[in-house]
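Asker: Please put together the full structure from these sequences, using the hints given.
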Amino acid sequence: MNGIKTEKNDQTAFMKEEPMVEEEEEESQINVFNNVLQQMENYTPTIPDAVTEHFLNKAGVNSDDNRVTRLISLAAQKFIADIVNDTYQLSKMKGSAQTARSSKSKEKKMVLTMEDLTPVLAEKGIKVKKPAYYT
Amino acid sequence: MAAETSSTADANHQSLTMAVAALCYEAGYESVEESVMETLMEMLQSYLTETGRSTHAYCELGGRTLPTNLDVMSAIADLGFTPNNLIAYMHRTERINLGQLTKTNETLPAPVLQVGKSINFPNYIPSTFNYPHYPDPHAYIRTMTGQTPENDYVILRERTSSQKRDVERALTRFVAKTGRSLPLLPDDKNAFPLIAAEPSTHPYLSAILPSDLEMQKLMEASEEKDNERSEKDLGDAQSKQKQNKRQRPPNEHSGSNSVEGQTSDSNRVIVSNAVNPHSSVMHNPFLRPVKNPKSKRK
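Residue numbers (the working numbering), protein chains in the order written: chain A, 2 to 136; chain B, 64 to 361.
Worth flagging that the hints you see were computed from the coordinates, not collected in a lab.
There's no promise every hint is true.
[To be verified] Quick look at which bits of chain B chain A covers, simulated, 3 or more residues with Cβ under 8 angstroms:
1) 77-83
2) 88-100
3) 111-125
Beta carbons: idealized from backbone N, C-alpha and C, even for Gly.
Answerer: The following block contains the structure:
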């Protein structure tokens, strides 16, 4: 009987732990955000505030709080930066495969091309089809 | 408004393009294709707009108007944002800092200098309508042309008399200057020129011969008789007209023969016209003598 009770106790204890873990994750995320928000007062993202405010006004957001605007611009900026970084990695992988065959050369000029961008966007679920040239 | 929106849209476009270019440069790229730039710019724009929309939706869901931290968080979480490396990203070393944009006030078009007050609209146009105003009243000034006629009798009488005197003086001077003239004053020969009288060789002829006016009346009277006769006798009209015309030239031919030297030009003209009653002249309508309309008194 003791064994069974302990098992039950263990189970319930285990059950309680999972939501605890999730809540902790959420709290940590919320803490992260709060932390970021507090830091936003001194941080200027790459996208200027006026531009972000213009687009937010277009969407209907009237924000007097500077930090909220900067948080949104930071999130957008990170979004684009992630894509660009993935493209960079992809192009480097392709380039390294070619240079390994040909010869050792210094870093060539890296050009962000449509060919590299398309698969990266496809992974994210964005299908891009653009004409290669205008006739 | 259109110009304003296009200029602000252009400004935002350029700023976003610069931001995307900065991000690419941070990643290590040196150049970017144009189509790639456009794509990334569109994505960034739509991301910002969508984030703003979701934030606003969450905010209104909570019964607020000002978005808070949690609203933003929920919105970007909806868009698939994972805040794992956010702080690390924030403090990246190679970050480029573009300057903040300063908002400048839109310069209104310089107000046109308004002189005077423009005319109001008619009463059937409500004042709430935003019609452009009438132009300044100086833009459609009307100056009456011509002069108001004088009504004063004294002034008009004086004007007519002076005009008559001036006309007479001018005409006499003209004839004196162009024709033979005699000076009035012996000293100044050009001051008062007089028309020199030309003595005629046969002074009594002017008394005997009919004047121009009398000649005209005679012609009219004879033509009236001719018209009456032509109506009565259609068949003999031409012959009788010819007879009449033949009768006339002998009368005047004697007169013209006796006259030598100076005769008035108008007499010569009438004589020459009557002397040539050829049939060809009759057939040519432009050479026929003038037929006055039939007078009503019979």
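Asker: Hint by hint, which ones does the structure fall short of?
Answerer: Violated: none.
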